Structures are given as structure tokens and as C-alpha cells.
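The residues making up each chain are set out below.
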Amino acid sequence: MLGLNAKDSRFMLIVVALTLLTPFILNPFPADSALAQFNAGYPALMQRFAIYGLMAIGFNILFGLTGYLSFGHAAFLGVGSYASVWMFKLLSMNVIPALIAATLVSGVFALAIGYVSLRRSGIYFSILTLAFAEMCYRLAYSVLTPITNGETGLQITLSDPRILDGAPTSSSLPTPGFFGLKMNAAHTIDIAGWSFTFSVGYYFCAVIALIGFYLSLRIFRSPFGMMLRAVKSNQQRMNYTGLNSRPYTLAAFVISGMYAGLAGGLLAAMDPLAGAERMQWTASGEVVLMTIVGGVGTLMGPVLGAGFIKYCENIFSKINESVLHSWFSFLPDGVEDVVTWIFARFVGEGWHLTLGVMFMLIVTFLPGGLVEGGKRLAARRKKKSDADAAKHPAE
Amino acid sequence: MGILEVKGVHKRFGGLQALGNVNLSVKENTVHAIIGPNGAGKSTLLNCLVGKLIPDSGSVMFDGQSVLGRKPHEINQMGISRVFQTPEIFTDLTVIENVMIPCFAKRDGAFRLHGIESVQDEKGIIEQAEQMLADVNMLDKRNMHAGSMSRGDKRRLEMAMCLVQEPKLLLLDEPTAGMARADTNNTIDLLKEIKEKRDITMAIIEHDMHVVFSLAERITVLAQGTPLVEETPENIKGHPKVREAYLGEAQV
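So the protein sequences, as listed, match chains A and B.
With the numbering used here applied, the first sequence corresponds to residues 1 to 395, in that order.
With the numbering used here applied, the second sequence corresponds to residues 1 to 252, in that order.
Same shape as in the complex, but just chain A (with noise of 0.2 Å):
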């Protein structure tokens, strides 16, 4: 199917479904039952989760198969939330134009970039995507202020001139849309206690996600992919070989540049700002530990690294103190104290540090990320019914 061999398919219709399924999967608890906090099928979550997994999808496509550790990812984010900002203001609400811009523009930042970063591998590559990516959020944030609007972010007005949209009909702001469906637009079902969100803001994000996993899935089965991992194999071999490695790994830096940049306009198109600090450094950090989380260098892992960071970002931010109260309540009083005092430090503003210990458990105990974790369980699980076989032979 689609130039997938069987078992590649299969997986892609499992990732199909899991993806338009998310409303329902990511909604386990009843709307009013306590558990109803750890919910995350509401559109705002399920899109983050969408764009930043796409992100990774594209950054594990340079630093999984290539080995390049890139920590300036998230200059392509900004420029391409800015670039498509700018489509809202100039051509039109429609996102396509808008997606389109993001993903040229951040491809170019990316050829530039790249180009010179590559010069040099290991550390000083990576510290050298950091300075970029520092440069471009500096500049942002001061210098460029007329193409950015600095420290207030890029804002859509009613006086733009949206050449394609004609005059603006009420005093609203426009939403952005997609051929006449709005990004904000979403519909509510209630099943007994639970209560299901489906935006279209959501399915644009997955269907946009689903076409780059796709995308990727073919890269690393392609001939292109396999040069990519001899790359990250040996360099030394590889240039012996007759292969140039240098272009090699500057069309890997610049597709997953673009990716950053799509996901960026993604962003844009959900809410129509775009801001300076989408291109500090903690937010190339932050694509980075998604993909180590998730398991570097296979297909699936940097989603999971990606929607496992982005959903403790938003349930454990969430919880403050006084629901921590509400859970400790059974305790004696002197002791609720000290231990809501203890976990209060993890939530809410803290949630950092509940990320940090679950980082450093992942990295200890599962070096190969989420993924290793289900190869795992799964290979447990087929050990203990091989041997439940061998105990009943006759069956």
C-alpha cells in the first residue's frame, strides 16, 4: 500500500487509527469523576500534541538516523510561525498559504544554517545550531521588531491588508480556517458521564502530522534513509566509499528544518501570534528530550517522547495545592502538610522537576526511550506464553 511493504502498512493504518481515535483514547475518566483532571482529550492538548509530534517526527529524522544533535530546532519553529503570521496578514486566513510559507521559509533558514553548522560534527555542531538559534531569537526580540514585533509577538489586526479575503466584514478578528472550516470550530458529544471534543483544529494538525509520519516512514526505508545511518555509522567509510556525506547530512538538516517550520506554522494557524520566546533555547532543548524520552531513531518514539512531555507539561502544571488537600485529606493533619508540602513542589510551576526525575529514570533504566519500554513488556509477555505453551504441550 502507498509504496509500504505489509508489515510497514499495517503499522501506518495502526498509527492512522490510534491518531483519529485520540479524542476517545485520551479521555478515559468521566467529565466529573476526580480522575476527570488527567484527562487530556480536550483540542488545545491533542493539537500540541499533533505539532510538537511532528516536530520530532522531522528532528528524529537529523539526529536518529544521522547522529547530528541539533539544539537550534526551534529556530525554525519561529520562523515558521512568523512566516505564516505574516501570510495571515498579508494574503489571506486560509491556512494553506499560511503552511506553505512556513515550510519554504524555515527550509531556506535551514539550507543557511546548516550549511555552515555542518562543518563541523559532535559538539561543536551542536553548539553551533545553539548559537544560531540564539542569533535568531535575539534578533527577534530586538532588532528585527518591525518584521517581528518584538517582545509583544506578530499579532493579526482588522486594519491588514488580507489582499485575498477582501474588506473585513465584521469587527472581529478573523479566525484562521481551512476552505471555509474554522480552526476553532469544534463539536461536543456527551456519552453517559463522558464527554467527547472533536475540533477541526485537532484533525487538520493530525492529517498535516500523519502525512509527515508517512513521509518519514518512506525516508527511512529508502535508499536515502539507509546513507543517512551510514552517517551516524562511519563517516570515515562512507567518504572512502565515494559517497559525499556532506550533502547528505544538509538534506537531512534542511527536511527537518522544514518539519520544525510546519510545525511552527501549525502553531500559527491555531492561534494566530507568533512570539520570540517559540525560539529560545529550552525549546530546542525541549524537541530534543522528546526524542530521547520516545527512543532515538525509531518511527514511533519521538510521538510518544512528544505527547508523554506535553501531556505532563499540561496535568501536572494543572494540579495545585489545594487539590493535592483534597487527595491527602485521609491522612492526620500534621502529616497532610508535610506531604502535600512535598508534592506540591512537583506540580503546578514545579512540573520541571517531576519531568527531570522521569527524564533521568527513562534515561537510566530505558536508554532506548518509551519505545525500548514496550519491546520490553512486549517480549515478557511473549516469553511468558511461550513458556505457558511449553507447560501444556498436548493442547
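In case anyone wonders, no lab produced these hints; they're calculated from the structure.
Hints are not guaranteed to be accurate.
Quick list of in silico lysine-lysine cross-link-like pairs, PhoX-like style, CA-CA up to 25 Å [claimed, not checked]: (1) A:232 x B:154; (2) B:192 x B:237; (3) A:7 x B:141; (4) B:192 x B:154.
What you are looking at is a predicted structure, and each value in this text was computed from that prediction instead of being measured.
Based on these hints, arrange chain B on the given structure of chain A.
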């Protein structure tokens, strides 16, 4: 005229003259060995041939074209393949993938963005790689992780990766360095087999006299960066200049 013509090559590292006026001619379809004591400049010479080092002066012509100033991958595309002292293979890839990569390099050149085609659809390349693996008796290890193999198998695989490109010249940099006697003999047999099966020109840099005398048709002795003699193996054995270079003057 040989396929490889080295003329008047000098290379200096700071105050050290590594190569001084090296002349060398490798004839087509011969096995040419370059021997010499430690520090004679053998590796420097080899690195000048493959583009890793650029000589200070002199010329290196291969197949009528100069290799000087070209990058390693360009020189490989001209038809020179190199086997390293310690096998350089793609350790994270499978054996068959290791052999497919040089096939792609030969067919598609130094770079091609074939990102959407599937590797599995490249029937011609797969067939070519499998044929090569069969030639070196490694077809049973087809799907093995290349890094997990024994050193002897890695050496064999590296040879296969070079041979599948059908190079006009195969350079071997101490192919038996650090090997046990049995492995050394296996390598000699492998090289003899290769030599018998196909028309190939080989230049071997070697320490081990046993290897050199079992394989070489011509031998160049290098000492202190200059060639002393170029002769057939029979004439090298008792040559006074060679003894002098290896054993020192007092022994003559």
C-alpha cells in the same frame, strides 16, 4: 605507463621529512607491495594517494588524471578503493546493507536524494550485493549486524565492499596488522582468491614479510621517506640495501 604513477612526491611535517622524492609506478593487473621499516613513510604515501594528505610537491597520476587536491570520495569515484588497517565498516548496519551502499555509490555517484524510493525495490542492487557476498562466502551472514561479527569476518566484509565497486586499483593498508597467524593466512588466501577470480590491480602496504612474499609480484622498499629499490620478490630477499634498511648497517 602504470595505472598509478607517483613522481617526485615530497611531504614534510614541520621539521620531519616524511616523504622525499618518491617515485612509484604500479602496473595494471599486478600486486604491488610497498614495504619498509617503521617510520619509512608508507602510511604517509598511502594517505597522499587517497586524498587524505596533499603532498608538498610532485605529482600523483591515476589512470591519466591527477588525484591531487581531490577529496577522498572523488578519488574513490575515479576507481581507487581502500581497505584500512582496522576494518572500517558500517557497524550499525546489516551485512547486506554494508555491501549495498558501495553499489549505490557506484550507480548514483557521490550524492543522490532518493528519499522516497524503497530500498526493497532496488532489486538490481540487492542482487549485486548478494552475488558479492556469495563470492566471499558470507551469504549466510546476510542479515547479521555487521558490528557483531568477528574481526576476520569484518575484514572479509570490508574487502567485499571494496570489490563490489570493481575498483581499478585496490589499496590495502596493512591488511593483516595485529592478526593471529591463522587469520593472516585466511586473509592471504582471500586475497589470492580475489586475484585469481578477477583482473585487479592491488597495492599493499605491509609489515609482514610472509604476506608480502606470498602475494606480491613487484615490491618497492621504502626507507626514511625514499624508495630504495623496486624489484621482484626473488630479487628483494637477498638485496643488500634492503637488509641494510631493516637491520642497520652494522649487520651487513
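A quick look at each hint next to the structure:
no. : hint          : verdict
1   : A:232 x B:154 : holds, 18 Å
2   : B:192 x B:237 : holds, 21 Å
3   : A:7 x B:141   : holds, 23 Å
4   : B:192 x B:154 : holds, 18 Å
Figure legend: structure checked against the earlier numbered hints; every hint is met.
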